[in-house]
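*Asks:* Now for the letters of each chain:
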Amino acid sequence: MKAPLTLDVNGMRHELEVSGETTLLDALREELGLTGTKKNCLEAECGVCTVLLDGKAVNSCILLAHQCEGRNITTVEGLARPGSLSPLQQAFIQHGAVQCGFCIPGMLVTAQSYLDELDGRAPDRDEVREAIAGTLCRCTGYSKIVDAIEAEALRLNAARWEAC
Amino acid sequence: MPLNFHRPSSLREAMDLKQDLGEACHFLAGGTDLMIQRNRGRKIVGAVVDLSRLRGLDRIEPLGDGLRIGALARMRALETDERVRILAPALAEAARVVGGAQVRHMATLGGNIANASPAADTVPVLLALAAFVVVLGPNGERRVPIAELLAGRGRTTLQAAEIITHVELPRPARGSAFLKAGRRKAMEIAVVNAAVSLELDAKGLIHAARLALGAVADRSLVVADAEAMMRGQAPSPELFKAAATLARDASRPISDVRASADYRRHLASVLTERALTLAHKRLVAATTGIPA
Ligand SMILES: Cc1cc2nc3c(=O)[nH]c(=O)nc-3n(C[C@H](O)[C@H](O)[C@H](O)COP(=O)(O)OP(=O)(O)OC[C@H]3O[C@@H](n4cnc5c(N)ncnc54)[C@H](O)[C@@H]3O)c2cc1C
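Protein sequences appear in the order of chains F and G.
For what it's worth, this note's numbering labels the leading residue of the first sequence as 330, then goes sequentially.
For what it's worth, this note's numbering labels the leading residue of the second sequence as 16, then goes sequentially.
Among these hints, one or two may not hold up.
[To be verified] Partner residues are not named here, just some residues of chain F that face chain G (Cβ under 7 Å, in silico):
#1 T379
#2 N388
#3 L393
In case anyone wonders, no lab produced these hints; they're calculated from the structure.
Every residue, glycine too, gets a C-beta built ideally from N, C-alpha and C.
Work the whole structure out from these sequences, hints included.
*Replies:* See the structure below:
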């Protein structure tokens, strides 16, 4: 049975009608056309469906859409204004971190959540690796992904010191 | 299969919904177990009652010298909360190795208990910390030692409409430690895990030792023999080795795709010895002020 649902996604409010079993992932892809969030394992193992829920990375494949009413959702499409790239996205390009690309939206969102939690502290490479452990790259191109995230964390850390 | 979603605004309403909707209705916290069991057809889930928005149930607050933790506290909060790290380092350690960051942002302490997996990471810790679980039901509240809640693989003694509201850690457990062995370092269910907590008396002898293991029986297992053997003794490598042997002998693991029963028994012994050594170091550091 469908029920009304208000979802706040990337700063926009949407009024939807979805059934109780609809996952956030399906609501984003099928109802809102936000296909940057990928669909794969459906068991929270692979991380390609990662979105930010109130700023924290979560697996949208096992969240019910109705669970997210009134909360702020950010998908990969919301990391930067349309037509522009976020500093993290630019770092991925600079470091050649993208191979087939399928994991990259989830990887970017996972990394963004980590950077936000890091809040300008100095990164540690092992910590970066651990932070993205829930998001798999089947091309196994982890080194460059970690390079990109570490570089962006270092930039934010330097910026914090400059601001002092 | 259709699923009806309910978001109660109070615990009372949550219990009423559960009572009215019956067997196929489940409480939903983080959903990191329930949703997967539903997808795999292991549980019939015709309705959920969402507990995750009930106010205040995710709080972590002091309780005497110990802590009171809301059942809806997320693993991420347990991992990062300064009081948990100091008063119950084993709990922070266990929370830190549950799934990946995404799962830890959703998964709750209450869900880890209620799901009753023999390999759950926080449950052995709660046993080693002599935690009490506060449970609210249609007939009122009860406060039970965590061990009394565990009834076997995937089974608890919770009655149909009962909700875990809090976990109480009555005493500080600065001398506690948790270790987990998996096939890889992250995103891995435990092959074996071990949690210990030590308290020393004024003479430096062991006043209380508590030890619990995961994934070596049909539920998280307290090694009472080892606890009794260590009481009143001076902590030493030999003592910890002897406790490790008792832990191995108490284990009744199965063989499965992750590991053989023999290897699990071996791990039970190794992890026990290492966890006791680590917990003792922490306790000494906490009492002398010199970091471990
Ligand atoms: C990819 C992945 C990795 C994982 N890795 C680990 C791991 O390393 N270690 C580990 O221990 N677990 C792991 N888990 C399992 C799971 O994340 C934990 O058991 C988690 O703590 C469950 O909490 P939840 O809030 O998500 O529970 P839910 O799925 O919401 O609920 C689980 C069960 O408990 C009941 N329930 C929930 N809250 C209450 C309550 N307050 N009162 C009464 N009943 C309640 C529900 O009805 C349901 O039956 C993993 C899961 C996934 C998907």
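*Asks:* Now look at each hint and say whether the structure bears it out.
*Replies:* Structure-based check of each hint:
1. Nearest Cβ of chain G to the Cβ of T379 of chain F: about 6 Å, under the 7 Å cut. The hint holds.
2. A hinted interface residue such as N388 of chain F counts as satisfied when its beta carbon comes closer than 7 Å to some beta carbon of chain G; here the least separation is about 5 Å, so the hint holds.
3. Annotation: L393 of chain F was flagged as interfacial toward chain G, and the flag holds, the nearest CB pair being 6 Å apart, inside 7 Å.
Hint violations for this structure: none, all hints satisfied.
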